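In full-length UniProt numbering, the protein residues as written are 1 to 140.
Derived by calculation from the structure, the hints in this document are not laboratory data. All figures in this text were calculated on a predicted structure; none of them were measured in a lab. Among the clues, some could well be false.
[Claimed, not checked] Derived Cβ-Cβ restraints for the label pairs, each shown as a range:
1) P81 <-> F13: 28 to 34 Å
2) M1 <-> F31: 18 to 24 Å
3) P30 <-> G87: 15 to 21 Å
4) A6 <-> L86: 34 to 40 Å
5) P81 <-> H38: 15 to 21 Å
6) M1 <-> P81: 26 to 32 Å
7) G51 <-> T24: 27 to 33 Å
[What the hints assert, rightly or not] Calculated cross-link-like contacts (lysine to any residue; reagent style SDA-like; alpha-carbon spacing at most 20 Å):
8) K91 <-> E69
9) K60 <-> A48
10) K60 <-> P81
11) K60 <-> P30
12) K60 <-> W70
13) K102 <-> E69
14) K91 <-> P30
15) K60 <-> F83
16) K60 <-> K91
17) K60 <-> T2
18) K102 <-> L33
19) K102 <-> N19
20) K60 <-> P22
21) K91 <-> A6
22) K60 <-> E82
23) K60 <-> M1
24) K102 <-> P81
25) K60 <-> D21
26) K60 <-> P49
27) K60 <-> L20
28) K91 <-> L33
29) K91 <-> L4
30) K60 <-> N17
31) K60 <-> A90
32) K102 <-> R84
33) K60 <-> L86
34) K91 <-> V74
A virtual CB, placed ideally from N, CA and C, is assigned to each residue, including glycine.
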Amino acid sequence: MTTLRAFTCDDLFRFNNINLDPLTETYGIPFYLQYLAHWPEYFIVAEAPGGELMGYIMGKAEGSVAREEWHGHVTALSVAPEFRRLGLAAKLMELLEEISEKYEKSSFQRYREEISYTSASSCETRRHRVTLSCGSHAIY
Numbered sequence: 001m002t003t004l005r006a007f008t009c010d011d012l013f014r015f016n017n018i019n020l021d022p023l024t025e026t027y028g029i030p031f032y033l034q035y036l037a038h039w040p041e042y043f044i045v046a047e048a049p050g051g052e053l054m055g056y057i058m059g060k061a062e063g064s065v066a067r068e069e070w071h072g073h074v075t076a077l078s079v080a081p082e083f084r085r086l087g088l089a090a091k092l093m094e095l096l097e098e099i100s101e102k103y104e105k106s107s108f109q110r111y112r113e114e115i116s117y118t119s120a121s122s123c124e125t126r127r128h129r130v131t132l133s134c135g136s137h138a139i140y
């Protein structure tokens, strides 16, 4: 049975079977690490029962909190040649869409809850520029 799980740093040394393909865009390790650090929930790998990596999807959240426009962006989606035509890419896309929808709903709610507060001493509402965290992605 295929397992869809979060991508880890160790996977960077195990996904050559996916990336060494003429149809796959490859990046340097710092690029993958940047995505893994900023948007870990958007970086998912498919693993075969024997532990071989079958494919991965990496993306990010982008948009504007001020305009309440937030969406997921797919940066890379690749499946190793020997695992293609099994519907794996579709499953990875479905999972990323699900994560994006949850992220969108939770990020705006947290932003609204935390951005304004009433000062107990002066009974006035104050607004501050704050860094809010949704998962491990910071919203400024």
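Handout entry: C-beta pair M1, F31: status relative to the range 18 to 24 Å that was hinted
Key = Hint violated: Cβ distance 31 Å, outside 18 to 24 Å.
Exercise for the section: Sort out whether A48 lies within 20 Å of K60, counting only the CA atoms. Expected result: With a Cα-Cα distance of about 25 Å, the restraint between K60 and A48 is violated, given a limit of 20 Å.
Problem - Satisfaction of hint between P81 and K60, Cα-Cα up to 20 Å - result: Cα-Cα ~25 Å, so violated.
Practice task
Return holds or violated for the Cβ distance of M1 and P81 against the range 26 to 32 Å.
Solution key: violated, 21 Å
Handout entry: Hinted pair K91 and V74, Cα distance within 20 Å
Key = Holds - the C-alpha atoms of V74 and K91 are around 14 Å apart, at most 20 Å.
Exercise for the section: With a cut-off of 20 Å on the C-alpha distance, tell me whether K91 and E69 pass. Expected result: violated, 25 Å
Handout entry: Agreement of K60 and P49 with the hint, judged by alpha carbon distance not exceeding 20 Å
Key = violated, 28 Å
Exercise for the section: Please work out if K60 and T2 have their alpha carbons no farther apart than 20 Å. Expected result: violated, 24 Å
Handout entry: Supplied distance hint 28 to 34 Å, evaluated on CB atoms of P81 and F13
Key = violated, 20 Å
Handout entry: Distance restraint between K91 and L4, which requires alpha-carbon spacing of 20 Å or less
Key = With a Cα-Cα distance of about 9 Å, the restraint between K91 and L4 holds, given a limit of 20 Å.
Handout entry: Agreement of K60 and D21 with the hint, judged by alpha carbon distance not exceeding 20 Å
Key = The hint is violated at about 23 Å.
Practice task
With a cut-off of 20 Å on the C-alpha distance, tell me whether K102 and N19 pass.
Solution key: violated, 29 Å
In this structure, the earlier hints numbered 1, 2, 3, 4, 5, 6, 7, 8, 9, 10, 14, 15, 17, 18, 19, 20, 22, 23, 24, 25, 26, 27, 28, 30, 32, 33 are contradicted, and the remaining ones agree with it.
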